[in-house]
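Colleague: This is what each chain is made of:
There are 2 protein chains.
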Amino acid sequence: MTAGTLYGIGTGPGDPELITRKAWRLIEAARVIAYPAPDTGESFARSIAAAAISPDAVEIPMIVPMRTGRDPAQTIYDTAAKKIAAHLDAGEDVVVLCEGDPLFYGSFMYLLARLKDDYETRIVPGVTSLTACAAAHARPLAARNDIMTILPGPLADDDLTAQIKRADAVAIMKVGRHMPRLKALFARLGHLDAALYVGHASLAHQLQVPLAEAPDDAPYFSMILLYKGDDPWIR
Amino acid sequence: MTAGTLYGIGTGPGDPELITRKAWRLIEAARVIAYPAPDTGESFARSIAAAAISPDAVEIPMIVPMRTGRDPAQTIYDTAAKKIAAHLDAGEDVVVLCEGDPLFYGSFMYLLARLKDDYETRIVPGVTSLTACAAAHARPLAARNDIMTILPGPLADDDLTAQIKRADAVAIMKVGRHMPRLKALFARLGHLDAALYVGHASLAHQLQVPLAEAPDDAPYFSMILLYKGDDPWIR
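Chains A and B are the protein sequences, given in the same order.
Heads up: the first sequence begins at 1 in the numbering used here, then just goes up one per residue.
Heads up: the second sequence begins at 1 in the numbering used here, then just goes up one per residue.
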């Protein structure tokens with residue numbers, strides 16, 4: 001028997017219409033679907049793709065503790081990989097839903113690491129929160145020969161400062177509870193007025209405001225954008 | 001009369017199936033469609049979306065000289081903006097097709113700069129070449145608290161070297177004719193074996209190989225990826 005194929009599929013930033021046609025087709029056809037889910041509520045990745053999921057599909061939620069904010073115990077992925085491998089061994093394809101893009105700051109890599117050597121693997125890239133946040137403000141992320149740096153919010157102030165100084169365009173991901181510290185840092189660097197904030201990009205409750213007006217209790221899925229290069233509106 | 005809306009729509013990296021459902025719907029419904037085109041052949045953005053374009057749509061190609069490799073004369077965008085504005089003034093929506101994402105290293109900003117103050121503008125983000133190239137190799141771009149830096153290939157060796165040294169994950173865009181110099185640079189930095197190359201991501205003639213095996217005459221739409229962070233396959 002031929003083993004099934006593992007699909008890592010990006011569901012995009014949140015709006016179900018920002019799922020690609022390829023991802024939608026594969027999700028609709030999927031008989032086995034896995035996705036990360038917090039221990040506190042529903043899976044964001046599953047909620048984005050919900051309308052495409054067949055009621056007959058076997059679902060494999062990977063329950064990841066959210067409260068720590070750290071990488072979860074890798075035993076969760078050991079267990080999930082074993083369940084997924086059993087389906088692949090039985091000749092069934094398995095679709096793994098990933099918020100945004102599977103390979104851009106996601107947890108899909110933990111499954112990929114466990115399964116890539118033994119099974120055929122295909123990745124369907126998705127729209128990232130990066131470009132969805134730029135779209136929310138209708139402002140260019142980067143242009144021409146700009147240097148663009150993507151920085152996770154949990155990094156220390158010194159690391160963030162050094163990187164921000166050397167880049168033309170900056171995106172701070174995973175803002176969440178780091179917002180008060182990040183706002184203070186941007187103010188010290190003289191960038192508070194130019195920086196932009198986006199929370200819940202592409203969803204009905206999206207909030208796009210200047211960073212100075214951003215809420216101190218920002219959600220985990222939120223971003224700060226800063227453009228420092230030559231005038232992006234140059235004519 | 002109410003003026004029309006300007007839509008900047010990402011068509012994704014090349015595979016028409018990587019267009020989002022939202023972009024596809026808007027392109028199908030569009031009565032006026034603009035797109036960049038080289039003076040040497042067909043428009044890549046239009047070719048990606050071709051199957052969604054109505055035969056009745058008015059098309060506004062923006063012919064951009066490709067041979068210089070520099071920003072084209074801005075008069076091209078002045079002329080295109082005037083044509084588009086005439087349709088918007090007549091109450092018609094105008095869809096502008098953009099390879100990848102409209103706000104990620106694209107030329108859409110030149111139109112946006114000319115039209116954003118006078119017309120309602122909406123952006124539909126698209127899958128970028130960045131994640132499409134990672135998908136081609138099925139390797140993580142960046143993870144956890146990695147610093148990811150995106151660098152245009154035309155930058156000078158000193159600038160590239162300084163940035164590559166400080167990042168965990170690196171993507172070099174717009175490789176094209178800079179390939180021999182970039183390959184030599186990666187070799188000097190000791191990264192030739194770890195770096196990956198992708199040309200024509202997501203298309204039938206996609207080429208994904210280690211950088212050492214990449215062609216010296218790389219296409220403009222090609223990329224080098226390097227992961228230097230902690231083992232992305234960490235369990």
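Some hints could be false.
The list treats identical chains as one, so a pair stands whether inside a single copy or across any two.
[Stated by the list, open to error] For lysine-lysine, the following BS3-like pairs were computed, each having C-alpha atoms within a straight-line distance of at most 27 Å: (1) Lys83 / Lys183; (2) Lys228 / Lys116; (3) Lys228 / Lys83; (4) Lys82 / Lys165; (5) Lys183 / Lys82; (6) Lys83 / Lys165; (7) Lys165 / Lys228; (8) Lys82 / Lys116.
Since the hints were derived computationally from the structure, they do not count as laboratory data.
Colleague: If a hint holds in the structure, say so; if it doesn't, say that too.
Modeller: Status of each hint after checking the structure:
1. Lys83 / Lys183: neither (43 Å within a copy, 42 Å between copies)
2. Lys228 / Lys116: Result: close only across copies, 20 Å inter versus 40 Å intra.
3. Lys228 / Lys83: Answer is neither: 47 Å inside a copy and 31 Å across each miss the 27 Å cutoff.
4. Lys82 / Lys165: Neither. Shortest intra-copy (45 Å) and inter-copy (38 Å) distances fail the 27 Å Cα cut-off.
5. Lys183 / Lys82: Answer is neither: 43 Å inside a copy and 40 Å across each miss the 27 Å cutoff.
6. Lys83 / Lys165: neither (46 Å within a copy, 40 Å between copies)
7. Lys165 / Lys228: both (9 Å within a copy, 21 Å between copies)
8. Lys82 / Lys116: Classified as within; 13 Å inside a copy, 52 Å across copies.
Hint compliance for this structure: hints 1, 3, 4, 5 and 6 are not met, and every other hint is.
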